[in-house]
Amino acid sequence: KAGVTQTPRYLIKTRGQQVTLSCSPISGHRSVSWYQQTPGQGLQFLFEYFSETQRNKGNFPGRFSGRQFSNSRSEMNVSTLELGDSALYLCASSLGDRGLVAGYTFGSGTRLTVV
Amino acid sequence: QQPVQSPQAVILREGEDAVINCSSSKALYSVHWYRQKHGEAPVFLMILLKGGEQKGHEKISASFNEKKQQSSLYLTASQLSYSGTYFCALWGTTDKLIFGTGTRLQVFP
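First to last, the sequence lines map onto chains W and V.
Taking my numbering, I'd label the letters of the first sequence as residues 123 to 237.
Taking my numbering, I'd label the letters of the second sequence as residues 577 to 685.
Hints listed in this document are in silico derivations from the structure and should not be mistaken for laboratory results.
Don't be surprised by glycine CBs; every beta carbon is placed ideally from N, CA and C.
This list has only true hints and no planted wrong ones.
Computed footprint of chain V on chain W; a stretch qualifies when at least three of its residues, placed anywhere within it, have a C-beta under 8 Å from a C-beta of chain V:
| id | stretch |
| --- | --- |
| 1 | 162-169 |
| 2 | 172-185 |
| 3 | 216-225 |
30 Å max Cα-Cα, derived DSS-like pairs, lysine-lysine:
| id | chain 1 | residue 1 | chain 2 | residue 2 |
| --- | --- | --- | --- | --- |
| 4 | W | Lys135 | W | Lys179 |
| 5 | V | Lys643 | W | Lys179 |
| 6 | V | Lys613 | W | Lys179 |
| 7 | V | Lys643 | V | Lys602 |
| 8 | V | Lys613 | V | Lys602 |
| 9 | V | Lys602 | W | Lys179 |
| 10 | V | Lys635 | V | Lys613 |
| 11 | W | Lys179 | V | Lys644 |
| 12 | V | Lys644 | V | Lys602 |
| 13 | W | Lys135 | V | Lys613 |
Simulated restraints on C-beta separations:
| id | chain 1 | residue 1 | chain 2 | residue 2 | range |
| --- | --- | --- | --- | --- | --- |
| 14 | V | Val619 | W | Pro161 | 14 to 22 Å |
| 15 | W | Thr127 | V | Ile587 | 32 to 40 Å |
| 16 | V | Gly591 | W | Ser192 | 45 to 53 Å |
Throw the hints in and build the complete structure from the sequences for me.
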């Protein structure tokens, strides 16, 4: 079966612009989480969605937002990009609540570079 | 608060064993372990749901000490394919899956 699909794979944006990243979870998975990965900070939790509802949010500024659609696909948006937003953004989906059934399956990520 | 893993890095010869520890300052409900190879996405290894639980598949196993808020990952008779960065990830009172600081493991022939 298809894995978690993230698009685009690579993105270069200019400071001040905004960006939208997309994530298609594994079919049947209703939980989608987003993480930011950088060499210095590791994997940082952004937010989690379950059945179109945001369950929780990490310690990121309001410029970071997301949503989940009825088909479980999710998008995250970053407005007014800063150089420090350059990172690998990972999406993960799980079959059950909180990954209790079989953990989370990650997508390959979107590499965002802000110049 | 981010769980702390130790050691930060491990270098092994094929066939050697390693233990990776993960500690949290907060109460834990469950522990996940993931492995990420360079340039790839993290891959789920296992989840431990109860204090005292131990799990394993093949030569990789883990334990979860709920009272001490710790988990350990055991790699025995390491293989080249075990190389990568290992992360613990904890569900606790914050109701978020928080990843640990990571442990880089390198296995050489």
